[in-house]
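Protein chains: 4
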Amino acid sequence: MTKLNVAVIGCGSWGKNHARVYNNIKGANLLAVADLNKSVAEEIGKRYNIDWYTNSDEVLDRSDIEAVSLCTPTLTHADIALTAIKTGKHILVEKPMTNTLEEAKNLIKAADVQGVYLAVGFVERFNPAVNETIKKISNGEIGDVILAHARRVSRRPLRIGDVGVIKDLAIHDIDIVNQLFDVEAEEVFATAGNIAHQFEDYANIVIRFKDNRNAFIETNWLTPRKVRRLIVTGTKGLINVEYITQEITIENDEGIYQPFIESREPLLLELEGFVNSILHDEQPQPTGLDGLKALNICEAALQSAKTGLPVRIQGD
Amino acid sequence: MTKLNVAVIGCGSWGKNHARVYNNIKGANLLAVADLNKSVAEEIGKRYNIDWYTNSDEVLDRSDIEAVSLCTPTLTHADIALTAIKTGKHILVEKPMTNTLEEAKNLIKAADVQGVYLAVGFVERFNPAVNETIKKISNGEIGDVILAHARRVSRRPLRIGDVGVIKDLAIHDIDIVNQLFDVEAEEVFATAGNIAHQFEDYANIVIRFKDNRNAFIETNWLTPRKVRRLIVTGTKGLINVEYITQEITIENDEGIYQPFIESREPLLLELEGFVNSILHDEQPQPTGLDGLKALNICEAALQSAKTGLPVRIQGD
Amino acid sequence: MTKLNVAVIGCGSWGKNHARVYNNIKGANLLAVADLNKSVAEEIGKRYNIDWYTNSDEVLDRSDIEAVSLCTPTLTHADIALTAIKTGKHILVEKPMTNTLEEAKNLIKAADVQGVYLAVGFVERFNPAVNETIKKISNGEIGDVILAHARRVSRRPLRIGDVGVIKDLAIHDIDIVNQLFDVEAEEVFATAGNIAHQFEDYANIVIRFKDNRNAFIETNWLTPRKVRRLIVTGTKGLINVEYITQEITIENDEGIYQPFIESREPLLLELEGFVNSILHDEQPQPTGLDGLKALNICEAALQSAKTGLPVRIQGD
Amino acid sequence: MTKLNVAVIGCGSWGKNHARVYNNIKGANLLAVADLNKSVAEEIGKRYNIDWYTNSDEVLDRSDIEAVSLCTPTLTHADIALTAIKTGKHILVEKPMTNTLEEAKNLIKAADVQGVYLAVGFVERFNPAVNETIKKISNGEIGDVILAHARRVSRRPLRIGDVGVIKDLAIHDIDIVNQLFDVEAEEVFATAGNIAHQFEDYANIVIRFKDNRNAFIETNWLTPRKVRRLIVTGTKGLINVEYITQEITIENDEGIYQPFIESREPLLLELEGFVNSILHDEQPQPTGLDGLKALNICEAALQSAKTGLPVRIQGD
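Chains as they are written, first to last, in this note's numbering: chain A, 4 to 319; chain B, 4 to 319; chain C, 4 to 319; chain D, 4 to 319.
You may find that some hints are simply not true.
The list treats identical chains as one, so a pair stands whether inside a single copy or across any two.
Straight line, CA to CA, 30 Å or less: simulated DSSO-like cross-link-like pairs of lysine-lysine [said to hold, decoys possible]: (1) Lys229 to Lys138; (2) Lys239 to Lys309; (3) Lys112 to Lys19; (4) Lys49 to Lys19; (5) Lys112 to Lys89; (6) Lys19 to Lys6; (7) Lys29 to Lys19; (8) Lys89 to Lys49; (9) Lys89 to Lys41.
Since the hints were made in silico from the structure, they are not lab data.
Bound-form chain A, shown alone (with noise of 0.2 Å):
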């Protein structure tokens, strides 16, 4: 069985599951992770026995390595990305892709020159409660989808990255409302407020779709207990999906119904997408187009919060 041989750089907390995960893939070859923090890096590669860096320029100068994930904060992803692609890496970024979106067409520019695979690491669309309902509007079960409401709230993090929640959390929910509804988002209204932090730690997000469809996103890190829930509205009933605990519940006139669904780890499933694309030289999903489509509701719905005042949606 062919192999791919592949790398973590950045072992945050995030990063080490990449690397923890691809140790149990068993179509990967974790070789080395890279950490500017020594003992982390070390760490994790004593864990894994495999080799360890401190510098992501040694991870991409081995030409043994095909595939990176890239795990450091979000204002590098830029530069060690271009560097990844540039060394004929194929990559899968953290979300958010990158902090600004020229930043982000670059990357899919550079990918597709040099026939590189790019990726974007929106784990909530591996989640198995997600296919579910995917599936079950599909199906016709709710009707036309008219509605979706997220609420992403957590406790403040002890330690906040270098983005804000709506380019931390908020992301997720727009990612998958983009699935949901298969028309274009068209505007982005947003209000926004810090307590706590540097960057914006609440928001509420207004995204208007063709056709009147509407998304609605709720995020913060005030709430002491973690939610992570989707609610699909359509003209015939109605899905609650919540991420935790991986359930669905279908709502029509006649009754609420939870299937059962088999639990699995998103990370995995999104680790094993990505290696079996590249091993069948297939693009991976989601795409650098993904990435930047969420990445363009972010930017959009940061404007907003600051002019007061809703923000079009420009196509790519």
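With chain A held as given, fit chains B, C and D onto it using these hints.
Chains B, C and D alone, transformed into the frame defined by chain A:
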């Protein structure tokens, strides 16, 4: 014991409840009801062994009647209420107070000139769960209130009245958040649409209050199962209010607490308050001004949904 | 339309409900109430503009009254019911039917001799959730019924009647499981104790039915929050019944389903059934025999709790 | 730091977890595993880069191994554990400790004679929700404990072991209620049956403790959805324990409270406790005597189910 002589004008599904409740209030003498539909008026009249009319003027002409509940369709509120006020009746007008802001202002002025009390029927104010919530917030249990999020959804009613879902349902939560935030609403943005009705049957409403406090209200007539929920997020915790079951839960960093609240019928508390206030020659709550403020936000939401732009709230 | 002339004997908290409900039933003329407490009898009499007495004999002496509800304390059931039967009244006796098996058998025999109908007030039989459960089981949705598990717990009532928690609360579930299993109860084992009352205030009751089907009932007056729950386990699935909210959920290997059930007041359905059966000259349900069977199991449980040994159920 | 050299005997689904967890415990050196199934033993051995055997004797013959976890089928426990003890190994025996009371007593005596520590694997003892419950009860939050009610039900496992549902599932709750009540169990009554298995696959167990405290345990392999729940009722309130989600709620007359509990893997806490106790030359918990007491009640339940009579618990 002095009793207040009252009558109910409009005996549709909700007016019937006014009649039933007045009949159980010690301080009230229910003397008459009126409804355009003769069989309805007759049935209620006979049930309580009181006079019944098919014309509101016949009620208002009676000098022994001191106060009336007005439960007719919204479009008729302004005319009938004005007549009632001019005949010197104290009046409780069901929500929405009137169909237009102009009409609402006229009623307030007329009541003032005439020296009668004008109240507006926001029944959720009298929900024991709301009162407990306000008490907890006043005690500082969730810190400073930053966000309010209401979800008020139902299946399409068989018979839609003469207003859309914003003035019919969302107005309840608009009045409640006006109470919860001790600052003025400044701006409203809304999206809305209609799937199965003449008026809007779904809406997402964002209300920006002073100091960047935010409320979001989702309301529709598309959802199979009735939900009436309010989530208030503060700097130290969160309160979830279930209007229907009259339950609240308070979350903070230590846990979740549900105090047992004695269940009471909100309409009973509302009408007791109305009757007792008048018997004590005090202004009953909510006032005409409360009704006007909520209507003002409804109108702003409707205008925003039409223009696609946020609408500033004008002071009165 | 022919109406049945009825009266209510005993106007405590539950008897009051009989009066209120009869007053709303089209087929019934509520003619009189009786209660030893003059002010109670008077209040109810005046509320419905009917005759009121402080002595049950005055009701039973009236030849125009055709049927009575008997809602007095348990210890008085046998005497008053016997008098009612002898004066030719059809009778609905509240649960528990009588205090002793002997008394119950006497009533059945007397009603038979006298040619009047005797019914017993197991109100949970008329709970829409129970009817839906029986329908689902009949449709084979959970396969063969193997186990039933009831939990009926509350905080200690302010005023305890003249029986313990087994005859007061558990008897409801005993009657329901007698219906659910289509086989006879064979043996009962129970533990019980009393913490704060003269009679037992907690009990665990195991009932062994034919073919080794089993029921377990936990009941007490120790629990702060009222729960009335029944879980029926079959070879193919499970039904959970919430008596209070009138909701059921059905679990099988594919998922969990909650059908929407129209909420109805069980006492209304019970008294409508009683009145209509008599108007049609048919035996109302539940019968005296049902009452006897349930009482038989209660007595066995009490005896088992006392002796520490299982008690065989004797056929009638 | 001194480490304890450990091995795992039996690498079925649960033994695998012992190996994984020991590998993560700082105080333990996992040196070897054994399983009759060569491919299983080899897979685990290679995963952790340790020695693997197909015969437990090869593990027990190694003088460098100081302690073992015994995770083989129940019927083999007595023989292997006795050999382990005789070779001077400290031993953690999975539940049920042995198949017979005689065997259990022999192990306790042998460990005592040999001067090694014997522990039994009641993993629920280490569930953070159970510890929090015990703390709340000790603080008097629910008054005197009167009743315990456990529900431990699942769908039939694909592969049933060599014991029925009483020794496999109910034994967990038996051990927990033995801890919760600070008095001895005196008598057991049980009903049981088997629908789809050789051993009993459902059981209702009533345990009478001193001072008429009562426990009831319902367990089966008939229920589609897994439930592991314990309800403890005291004179002042109630605690509901959800073992799976590690959540507890406390009800009293004022309300319901759910303290947030940090989620931990119970097996990790169990094995850490085992390892650290031995490193400190202290008796690890739960002891062999705890295992014997629980087994004693299981045997009494099985006997009661067979004879139809309650069975007295003999002191040891």
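Structure-based check of all given hints:
| no. | hint | in the structure |
| --- | --- | --- |
| 1 | Lys229 to Lys138 | both (26 Å within a copy, 25 Å between copies) |
| 2 | Lys239 to Lys309 | between (37 Å within a copy, 26 Å between copies) |
| 3 | Lys112 to Lys19 | within (29 Å within a copy, 47 Å between copies) |
| 4 | Lys49 to Lys19 | both (13 Å within a copy, 22 Å between copies) |
| 5 | Lys112 to Lys89 | within (11 Å within a copy, 71 Å between copies) |
| 6 | Lys19 to Lys6 | both (21 Å within a copy, 26 Å between copies) |
| 7 | Lys29 to Lys19 | both (18 Å within a copy, 19 Å between copies) |
| 8 | Lys89 to Lys49 | within (29 Å within a copy, 38 Å between copies) |
| 9 | Lys89 to Lys41 | within (26 Å within a copy, 47 Å between copies) |
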